[in-house]
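Student: Listed here are the chains, written in short residue letters.
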Amino acid sequence: MKSLNAFSLLGLPAAPQLDESLLAQRFDELSRSQHPDAGGEASAFALLTEARRQLSSPAARWRHLLELQFPDTSLDGALPPSLMDIFATLGPALQKSQDLLRRKTNASSALTRALLTTEAMRHRESLEMTATALADRLDSLQSAAAAWDGTGTTLAAWAREAAFLEKWQAQTRETLWLLAMD
Amino acid sequence: MICGIDLGTTNSLLGVVEAGFPILLADESGSRLTPSAVSFPQDEAAPPLVGTPALRQRIIHPELTLTSIKRLMGQTTRVGPKHNLPEEISALILGHLKKMGEAAMGQPLTRAVITVPAYFNDSQRAATKRAGELAGFTIERILNEPTAAALAYGLDKLDERSKIAVYDLGGGTFDISILEMRAGVFEVLSTTGDTRLGGDDIDQALLDALILQTGTPPSPAARARLWEAAIAAKHALSSSDSHLLTLPFFDGTRSLEVSLTRTQLEAVARPIIEKTRTHCQRALADARLTPADIHQVILVGGSTRMPLVHQIVADIFGQPPNTSQHPDEAVAMGATIQAGILEGSLRQILLLDVTPLSLGLETFGGLMNVIIPRNTTIPCKAGEMFTNAVPNQPSMLVRVLQGEREMARDNWELGQFAIEFDPGPKGSARVGVQFEIDQNGLLRVLARNTLTQTDRVLEIASTAVDVTDERVESMVSESVAYAIEDMRERIFVEASHKANELLPALDMALAQAGSLIPPDDRERIEAAAAETRAALITGEAARLKAAVTALDHATEQLAAAIVEQAMEASLHRRGLL
Chain A
519 MKSLNAFSLL GLPAAPQLDE SLLAQRFDEL SRSQHPDAGG EASAFALLTE
569 ARRQLSSPAA RWRHLLELQF PDTSLDGALP PSLMDIFATL GPALQKSQDL
619 LRRKTNASSA LTRALLTTEA MRHRESLEMT ATALADRLDS LQSAAAAWDG
669 TGTTLAAWAR EAAFLEKWQA QTRETLWLLA MD
Chain B
73 MICGIDLGTT NSLLGVVEAG FPILLADESG SRLTPSAVSF PQDEAAPPLV
123 GTPALRQRII HPELTLTSIK RLMGQTTRVG PKHNLPEEIS ALILGHLKKM
173 GEAAMGQPLT RAVITVPAYF NDSQRAATKR AGELAGFTIE RILNEPTAAA
223 LAYGLDKLDE RSKIAVYDLG GGTFDISILE MRAGVFEVLS TTGDTRLGGD
273 DIDQALLDAL ILQTGTPPSP AARARLWEAA IAAKHALSSS DSHLLTLPFF
323 DGTRSLEVSL TRTQLEAVAR PIIEKTRTHC QRALADARLT PADIHQVILV
373 GGSTRMPLVH QIVADIFGQP PNTSQHPDEA VAMGATIQAG ILEGSLRQIL
423 LLDVTPLSLG LETFGGLMNV IIPRNTTIPC KAGEMFTNAV PNQPSMLVRV
473 LQGEREMARD NWELGQFAIE FDPGPKGSAR VGVQFEIDQN GLLRVLARNT
523 LTQTDRVLEI ASTAVDVTDE RVESMVSESV AYAIEDMRER IFVEASHKAN
573 ELLPALDMAL AQAGSLIPPD DRERIEAAAA ETRAALITGE AARLKAAVTA
623 LDHATEQLAA AIVEQAMEAS LHRRGLL
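Protein sequence lines correspond, in order, to chains A and B.
Per the working numbering, numbering of the first sequence is gapless, rising by one per residue and ending at 700.
Per the working numbering, numbering of the second sequence is gapless, rising by one per residue and ending at 649.
Hints in this document: simulated from the structure, not taken from any laboratory.
Careful: at least some of the hints might be erroneous.
[Said to hold, decoys possible] Which chain A residues stay away from chain B? Per the calculated CB distances, all over 10 Å, these: (1) LEU527; (2) ALA533; (3) GLU643.
[To be verified] Below, a list of computed lysine to any residue pairs in the SDA-like style, where the Cα atoms sit at most 20 Å apart: (4) LYS685(A) x LYS171(B); (5) LYS235(B) x ALA628(A); (6) LYS622(A) x LEU469(B); (7) LYS622(A) x ALA633(B); (8) LYS685(A) x ARG477(B); (9) LYS614(A) x GLU478(B); (10) LYS347(B) x ALA625(A); (11) LYS685(A) x ASN441(B); (12) LYS347(B) x ASN624(A); (13) LYS614(A) x MET602(A); (14) LYS622(A) x ASN394(B); (15) LYS229(B) x ARG550(A); (16) LYS229(B) x GLU547(A); (17) LYS685(A) x ASP358(B); (18) LYS229(B) x PRO445(B); (19) LYS685(A) x PRO445(B); (20) LYS622(A) x SER331(B); (21) LYS235(B) x SER539(A); (22) LYS347(B) x ARG550(A); (23) LYS622(A) x ALA577(B); (24) LYS622(A) x LYS347(B); (25) LYS685(A) x ALA357(B); (26) LYS347(B) x MET602(A); (27) LYS229(B) x THR350(B); (28) LYS622(A) x MET602(A); (29) LYS617(B) x ALA625(A); (30) LYS622(A) x GLU252(B); (31) LYS622(A) x LYS171(B); (32) LYS235(B) x GLU252(B); (33) LYS229(B) x GLU135(B); (34) LYS235(B) x GLY390(B); (35) LYS171(B) x GLY256(B).
Since the model is a prediction, treat every value here as computed from it, not as a measurement.
The beta-carbon is built from N, C-alpha and C at its ideal position, and this holds for glycine as well.
The task is simple: from the sequences and hints, build the whole structure.
Tutor: Next up, the structure:
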């Protein structure tokens, strides 16, 4: 779907910043004519939802904008060291949580599971702290997008960083959910 | 005219839109509910009975009567005296509804919307569609039941903007869906469930408890009577606190009289209903919402009449559930509303649904590679490029899977298809394959020939193994001889595994939290632990199992105390206490 221009499909300005309520409004308006139940084509509607998905995530949005406006600028590049610091805490925390979840699944009695609670709580605390750090960083990237310098290099750097932040956010969210289950 | 059909585990209904209003049609006796039961008369020439007459036969001829066939949809197992596929039995129910509807409307009904549990996979949906076609319908839509219920709830609230949860606990299936209503647009944000969880399981648990009381295993006919009585008791206990269950001469000689209280029923039902909690939390997490974001929790499905369900739902969502919808009729009303949308008589509504299960392919190493993630808005499509791994490879087989597990083998296999390559060096062939999920949640796989730019629909060969009745019977009789010895050994292995885990854990737990439990509790624990150690030495399977179970029970308070202690410590660390 390289040819897709999600911005023009949804009638939104091609910019790093997104007006979420306008996106929702445009999506609903267009759905009312393009959904198969309203006489539209399934493939046209599938493109519409794909466009919404691309614009909703900052990482996908910036990457998409980069491909549209700076096709020669590469997405590859170095990551800021502070981002690696976050991963230095997150990586081991995720791994230890996975290990704990395995032991919890294998435990056959309430008592053995109960004995794992202290460890589970410690992992949750650490992951919740990381989750906050990830959300803060994504927020500050999004606020920076208001004052974009108009270069592909900046856009590529944002897209790179946001891709990692979003991936880690999803992993953290999933692990926290599993830890919260009995 | 398109009709809407709720093909339920226990009951089925049919409706149409008349003069802009959805209505449900009744049979000649005035009933809108048709029991989803089929009975084959002993006289082979006579046509099968459907509905209430079939249900009456269940007591007399349980072996000739089929109920809850929905639980088997999508399977290739043959059932009943005529060795039918589950979809053929469903087709008989649908055919009966069709005739009933035609009699009520005075015109042929040939097009239908049929509902399915949201968590039905591709095979189960396809089987439902085939059942409809066998009954003589053109299937205009396979619609998810909780989504249908949301339509019924929202029909008179088209200018509202809110987020709702639909908790649908029926006879055999459970679904939870989170939707956003945006001025006539109904968008499903997430859905999950269990296609083998429902009121049937409560009936079964209650029946087991009753059989235990009578002491001996009943004959099929006596069992059928006990079953009916269990269901009646369950229903009665939704509105009263106790129920006297009387079955005179239920097995020809003995009579049964048991007084059941709602508390007793709830003790049996609670573990079954509690299974819905994780699903609700999963649906919320997938929609990235918390219980506080949900404006209404709509209850549908017959099993939500139980007061215990209200309690548990209120606890999960932190608010009393909304019981404005008729538990048995909301889904059929919604199916009828969707029929109206499709025929153009209800124009202001648009429904956006999702695919409940992730779709993926098996990759090297037996892993599942997700192509379309769960909760993607449908219709949707995704492409994947394939190439030859060795020179001149003629073709490759691709396994298509649905599910959320990491390993391919843990997911539901929909089937496999073959991709053909033109001869050439390794990596030279390029075949693009497109996966499309349509508005019905049904999958279509297309292969694109890059030279001719043409698409070809790939046939997915079902890989479900067909097990014949004879084979099942021989498997059963073979295993019976070994079963008793097997079972004794398995019980001992399982129980000793648990004992060896529990005993060291107990030492640790007592050291850590022994002071938090009353002394007599501690005495009970120590007695149970001593009995477990003794049984381990003597090697008696039954004794060990009983001892471990007792130890498990005895340590419940201790386990709860440890969890509480750990949570409190965590709150302290975070400065919240």
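Student: Give a verdict on every hint.
Tutor: Right, here's what the structure says about each hint:
In this structure LEU527(A) is separated from chain B by more than 10 Å, as the shortest Cβ-Cβ distance comes to about 15 Å. The Cβ of ALA533(A) lies farther than 10 Å from every Cβ of chain B, with a closest approach of about 24 Å, so its non-interface assignment holds. At the 10 Å boundary, the C-beta of GLU643(A) falls inside the reach of chain B, the nearest C-beta of that chain being 6 Å off. Of the pairs offered as hints, the one joining LYS685(A) and LYS171(B) is violated, with about 54 Å between alpha carbons and a cut-off of 20 Å exceeded.
Proposed proximity of LYS235(B) and ALA628(A) is contradicted: the alpha carbons are some 36 Å apart, above 20 Å. With a CA separation close to 37 Å, the supplied pair LYS622(A) and LEU469(B) exceeds the 20 Å bound. Only pairs whose Cα atoms come within 20 Å are accepted, and LYS622(A) paired with ALA633(B) is accepted, the gap being roughly 18 Å. The suggested pairing of LYS685(A) with ARG477(B) holds, with an alpha-carbon distance near 18 Å, which does not exceed 20 Å.
The suggested pairing of LYS614(A) with GLU478(B) holds, with an alpha-carbon distance near 19 Å, which does not exceed 20 Å. Simply put, LYS347(B) and ALA625(A) have alpha-carbon atoms about 19 Å apart, close enough for the 20 Å limit, and the pair holds. Our distance criterion of 20 Å between C-alpha atoms is met by LYS685(A) and ASN441(B), whose separation comes to about 16 Å. Pair hint LYS347(B) plus ASN624(A) holds up; C-alpha atoms about 19 Å apart against a cutoff of 20 Å.
Of the supplied pair hints, the one linking LYS614(A) and MET602(A) holds, its CA atoms being roughly 18 Å apart against a limit of 20 Å. A threshold of 20 Å between alpha carbons decides the hint, and for LYS622(A) with ASN394(B) the separation of about 36 Å lies outside it, so the pair is violated. Restraint check for LYS229(B) and ARG550(A): the C-alpha separation of about 18 Å stays at or below 20 Å, so the hint holds. With a C-alpha separation of about 19 Å, the suggested pair LYS229(B) and GLU547(A) falls inside the 20 Å cut-off, and the hint holds.
With a C-alpha separation of about 15 Å, the suggested pairing of LYS685(A) with ASP358(B) holds against the 20 Å cut-off. A C-alpha spacing of about 31 Å is found between LYS229(B) and PRO445(B), which places the hinted pair above 20 Å, so the restraint is violated. Between the alpha carbons of LYS685(A) and PRO445(B) the distance comes to roughly 15 Å, so the proposed pair stays at or under 20 Å and holds. Between LYS622(A) and SER331(B) the CA atoms are separated by roughly 40 Å; this puts the pair beyond 20 Å, and the hint is violated.
With a CA separation close to 16 Å, the supplied pair LYS235(B) and SER539(A) stays within the 20 Å bound. Distance check on the hinted pair: LYS347(B) and ARG550(A) sit about 38 Å apart at the alpha-carbon level, beyond 20 Å; violated. Under the criterion of a C-alpha separation no larger than 20 Å, the hint pairing LYS622(A) with ALA577(B) is consistent with the structure, at around 13 Å. Proximity of LYS622(A) to LYS347(B) is assessed by CA-CA distance (about 18 Å); at most 20 Å being required, the pair is judged to hold.
Taken as a hint, the LYS685(A) and ALA357(B) pair is honoured in the structure, with Cα atoms around 16 Å apart against an allowance of 20 Å. As the CA atoms of LYS347(B) and MET602(A) are separated by approximately 40 Å, the hinted pair breaks the 20 Å bound. Taking the CA atoms of LYS229(B) and THR350(B), the gap is about 30 Å. The hint is violated against a cut of 20 Å. Restraint check: the Cα-Cα separation between LYS622(A) and MET602(A) comes to about 30 Å, which exceeds 20 Å; the hinted pair is violated.
With a CA separation close to 17 Å, the supplied pair LYS617(B) and ALA625(A) stays within the 20 Å bound. With a C-alpha separation of about 35 Å, the suggested pair LYS622(A) and GLU252(B) falls outside the 20 Å cut-off, and the hint is violated. The straight-line distance between the Cα atoms of LYS622(A) and LYS171(B) is roughly 54 Å, outside the 20 Å bound, and the hint therefore fails. Proposed proximity of LYS235(B) and GLU252(B) is supported: the alpha carbons are some 4 Å apart, at most 20 Å.
A distance of roughly 47 Å separates the Cα atoms of LYS229(B) and GLU135(B); the hinted pair therefore is violated under the 20 Å criterion. For a cut-off of 20 Å, the pair hint linking LYS235(B) to GLY390(B) stands: about 15 Å separates their Cα positions. Proximity of LYS171(B) to GLY256(B) is assessed by CA-CA distance (about 33 Å); at most 20 Å being required, the pair is judged violated.
The structure does not agree with the numbered hints 3, 4, 5, 6, 14, 18, 20, 22, 26, 27, 28, 30, 31, 33, 35 stated previously, though it agrees with the rest.
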